[in-house]
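**Student:** With chain A fixed as given, assemble chain B onto it according to the hints.
As a plain string of letters, each chain reads:
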Amino acid sequence: MGFWSWGVVTLQNECPGNTLAYSSISFFYSPTVNDCPFFPLQIDYTGTEPSSPCNKCLNVSWDSSPPCTCTINFTLEHSFESNVFMYYGLSNFYQNHRRYVKSRDDSQLNGDNASLLNPSKECEPYRTNEDKPIAPCGAIANSMFNDTLELYRIDNDTRTPITLIKKGIAWWTDKNVKFRNPTGDGNLTALFQGTTKPVNWPKPVYMLDSEPDNNGFINEDFIVWMRTAALPTFRKLYRLIERKNNLQPTLQAGKYSLDIAYNYPVHSFDGRKRMILSTISWMGGKNPFLGIAYITVGSICFFLGVVLLIIHHKYGNRNTSADIPN
Amino acid sequence: MRLLITAARAPGPARGGKRRQRASCQLGKCAGEEKRVGTRTVVVGHRPVSETDAYVAQKFCDNRIVSSKYTLWNFLPKNLFEQFRRIANFYFLIIFLVQVIVDTPTSPVTSGLPLFFVITVTAIKQGYEDWLRHRADNEVNKSNVFIVENAKQVQKESEKIKVTVNGEVRLLSLKLVGRGRCVVRAGGGMSCPGELTHYAVRDTTVLCTDEAIDALTATIECEQPQPDLYKFVGRIIIYRSNQEPVARSLGPENLLLKGATLKNTKKIYGVAVYTGMETKMALNYQGKSQKRSAVEKSINAFLIVYLCILLSKATVCTTLKYVWQSNPFNDEPWYNEKTKKERETFKVLRMFTDFLSFMVLFNFIIPVSMYVTVEMQKFLGSFFISWDKEMYDEEIKEGALVNTSDLNEELGQVEYVFTDKTGTLTENSMEFIECCIDGHKYKDCISEVDGFSQTDGPLKYYGKAEKSREELFLRALCLCHTVQIKEADQVDGLIGHPEHRYTYISSSPDEIALVKGAEKYGFTFLGLENNFMKIRNQKNEMETYQLLHVLNFDPVRRRMSVIVRTTTGTLLLFCKGADSSIFPRVQQEEIQQTKVHVDRNAMDGYRTLCVAFKELTQKEYDKIDRQLNEAKMALQDREEKMAKVFEDTEADMHLIGATAVEDRLQEQSAETIEALHAAGMKVWVLTGDKMETAKSTCYACRLFQTSTELLELTAKTVGESERKEDRLHELLMEYHKKLIQDVPKNRGGLKRSWTLSQEYGLIIDGSTLSLILNPSQDSSSSNYKNIFLQICLKCTAVLCCRMAPLQKAQIVRMVKNTKGSPITLSIGDGANDVSMILEAHVGIGIKGKEGRQASRNSDYAVPKFKHLRKLLLAHGHLYYVRIAHLVQYFFYKNLCFILPQFLYQFFCGFSQQPLYDAAYLTMYNICFTSLPILAYSLLEQHINIDTLTADPQLYMKVSDNAMLQWKPFLYWTFLGAFEGLVFFFGVYFLFQNSSLEDNGKVFGNWTFGTIVFTVLVFTVTLKLALDTRFWTWMNHFVIWGSLAFYVFFSFFWGGVIWPFLKQQRMYFVFAHMLTSVSTWLAIILLIFISLFPEILLIVLKNIKEKSHQVRNKIIRKVPDSLSARPSVRPLLLRTFSDESNVL
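Line by line, the protein sequences are chains A and B.
With UniProt numbering applied, the first sequence corresponds to residues 1 to 326, in that order.
With UniProt numbering applied, the second sequence corresponds to residues 1 to 1143, in that order.
All clues stand as given, with none of them false.
Calculated cross-link-like contacts (lysine-lysine; reagent style DSS-like; alpha-carbon spacing at most 25 Å): (1) B:534 <-> B:467; (2) A:314 <-> B:1101; (3) A:132 <-> B:338; (4) B:340 <-> A:197; (5) A:197 <-> B:341; (6) A:314 <-> B:1106.
FYI, nobody ran anything at the bench for these hints, they're computed from the structure.
These numbers were taken from a predicted model, which means no experiment stands behind them.
Same shape as in the complex, but just chain A:
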């Protein structure tokens, strides 16, 4: 848990009718099966508990190959009717630490060839490796989230993979303007010639994806990661699950399994990892804060309004109100 988060009750998972205790322990409870229809489903797959299937991967290191895999089964009590958004969430991960936030080179990411080979000093100590410039340089890129999550629907012991769309998860402006691959002739491999991969990455940046419009710096997973989170507990959009047709809900109620290629170590800094499935309304993600706040403020205003109205009726004298300024 974050240094401070013990003091702040997280309302995120609160479900009307559930006890407050539920919400406060929801982080620790794993796997969580959400049983209220309008609130997102969260699955903590850190694997700290010995019973967790992912417990074996807890002390995984970066370069373990083949990757440690684990599978978590869960049941969906209610179906998700509209498009479903799949997030990964990290806790106690200080993406907003100053040293971390500034450890990037935006001009390198923008496709500037000079910066590609001579990254900014801000990237230290992730600037060069074995005298070769790192592309993309910096701590943020170096620590990119690299678990692979796959979702299967279990229907009578048959696992049907659910299509996860990996494009359209980053801001359009980031994908199309802010992040650019280096310019020049030849394929990406040639363009990144002379650079080396970030230390922690298993493969270089030009091999992030097979599709050319999602490879290199414009890989959307990469772009999403590069937008540093505001708080140490955060979530990032991972995949989209689109509704196929009007007849079926996007995710029917039933059994599912989550296959995890567990690459990303969080245990060393006491972090946690979650997978979140959520639908989105016109207001964005589910956010109980606004609702509660509006209701509270509205009630207070209404109450005060009534009180003042009474006072006004009792003491107010309409004849005198207008003529004296101030």
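**Tutor:** Just chain B now, kept in the frame of chain A:
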């Protein structure tokens, strides 16, 4: 400083002073020091006196007047130095340097740019003000004077010659007018008489041409420059070929002060003995010290509080950081390794840099732009005073003048008002009202003036005296004075009627009034020629009288006499003076009928004079003549001998009648003083006048009420000679007992509770004051000052008469330095008021008739005393409220700016990660939130100006710096803290789910900061909108304009990949933020919650006010009808007949 003898009033050239001086002035002593020893020797012309005495060019102060601070060359370094002496600026400089040197979270630009902006704006303002001073200096220094060189007049610029007429001039010779007398209007009036007669040394009066002057060989020995205006000791040694040198003594009557204006002559020849900054007038200026307002002191106190907050924040963060980091995976998790350099630094050094970094991060809590905004506010705000149409005077075609803009708000804090009398409270012009002859009252109305000049039916009778008595009385008025005639074409119509060919000039305006009064009744004084006074009588016949002796006025005798011989040879003595000094010297049976009139006139506030006469036989006259001449020749005890002769001469006279002259008060001065009183100010009158005159004026302008009990510490009560210290001691003790010990202590009550109890007035004169302030010997009297001060502070009104200019300043300084250091204000119109104007916190000059010295040295100049009312009650009040609000608002807005940043540290591992983008950090104070508060602080009228002027009580509401005390400060601080908490935690809870867009995309830390910042900018701006009571289009423009600018800027700033930025962190952050409906809802909600307490407060206040109004409605009716009484009451309710009427 401007008035030159040549330039000011006398048309035509005045021959300037002579050139080089041989002076024993040591360079180091050229200005400033008061005590000077030794003498200086001035050689007239730079001719050696004798062959043996070789001429040595002397080092000597040049005649340049320098009031400017900078030159073109030293402006930049000196101004920068001056500016960085300010704690706040220095602090920001340090922060800037830290940012440059140490690796800090924000770039140096964030604090460097605002600092640069602030410094530049201040420098421009100060440069402009100094340019104005340069211009004013040049006006003086480049003005033309004439000097005699080789028997010719040469016109030169004042500053270019070493010694000029611009210095003080000792009269050598006069273009002869009227028996070698020269009436000089001292620039700004040495004291009330305004005009003084100066004389040339007899031996030099014949030197009337350039050649003659050039041939003169002489030296002048005189004392080193010293500030006492009324003292001058020196001698002139005139060398004539083949003759023994002649030595003549020189006194103050031979010295013309700088700025003097010639009245009855076109030119004089003179020698400059003191020049430039050494002139007596300049020494009396005391150097303009920087006046700092009380508001600034409050600001400094608040700054210290905020500095403490800042330091504690930084300390807390640093400590917690290391506590947090004690956990290794917090200190250096695998994803966020330290650089090599970071690892190698010592821990202590690292902690220190961390501390500095936190300081830098939170440094915006000290509002960098506050000083510049305050300065802009003062600078621009001062225009409102000079633009005020109500303070525009039709007569002089000028409005108020603002010389310094630093003290605007001080006008709203005044507790003591020191005012000059003549020319300030009064018009300084007398008018003949009525007279009584043998107990018959003669009163003319303006319409009847014509009737008087006819021979037969001159007077409106209330009873008629014998014709011969009437004529005798009028002749007495025509003869018994020292008035001189000035041809009208030589002067402007300062006193005389424009249709007259001549004007009367006198050192006493009373005399002029009397002579004019006589003229109305048909007796016209035509002037004095060769000791013959000419009068045209009612029958248009000329009468001439030989003037034999003038028994001059003096304040002890309080009368003056002339002895004349008629054409028929009759010897007549005419005497006029205060009733108290005349009545004992006339036949007792004559008194009664006149006394009635005198008393009634005195009650009406007129200055009364009694006129008496006696016939002298030749024998008597011979005796008097002999005695007088003897006395005049006497070298020792001359004064006493003269007095005795006068005493003997002016006896056994016959009372003819009495006159009543009005020293008109300035319009509304009484109302103004009443308003000032009602506003809780204490008014002291400091005047060079005699006590009696001053006292009657004080009654007239309601400084003293009829119920006021007067305490007197004057030459009269203290007495003369050795015993006066003892007597003074007794008196002080008695008064002290009366006022302080006997008064039941009601300390807990109102601070200004004196308004309720018995009112005391104190009268003190100059000599007694110097006795108190500079006790002659022993230490026992040294606590006089303290006792005196206590007495003074207990009195409603204090009248100090016979004050020398420096004494006025002493009084002001004394009050200024008392406990609680009350804000003092001095108002005066003459050069003699300059020192007190400079001494007080706020100096106000009246653009009066007595030159421009006062208004040039003042902080503000107004045309009339009555304008003080609006200046203080309306402008001062408003300026104070505005600036107080400005200061509080600045601290508030910076607190709620920085608090979220501080709170964010708890969520980012105390890593000094800034919450806001650098551009926002930089622009917050200089762009987004600066203009609305500036406009507010310029235009706000929380209470209508007319209401403020009409109701002096309102002034008390802001007295004692009420809006900048700790209580309101705490309120604002809590408000800022509350809002800061709302901003941060509101967005924090919102960000529990950071996918706020409707397409599920996620916001990062910069969006978090931008939402907080948006709420912040809107809240503080709308808070100001809520506070604004007086909306002008400008307020609308800047408030909505600022918000629009913020939105526009954010789009713009996030809309471009800026090539000069290392990180494109804001790229499209703002635009994305606005696509989220949740964010909109959150922003609106948070703004509303932040402003909710304020809105609630306003609503509650409204309700309270309304219920008050209902309750007061009936009660108000009575005072309303009272205040509707005629604003001009009869001038005077009470005066003492023997005190109101001396010349």
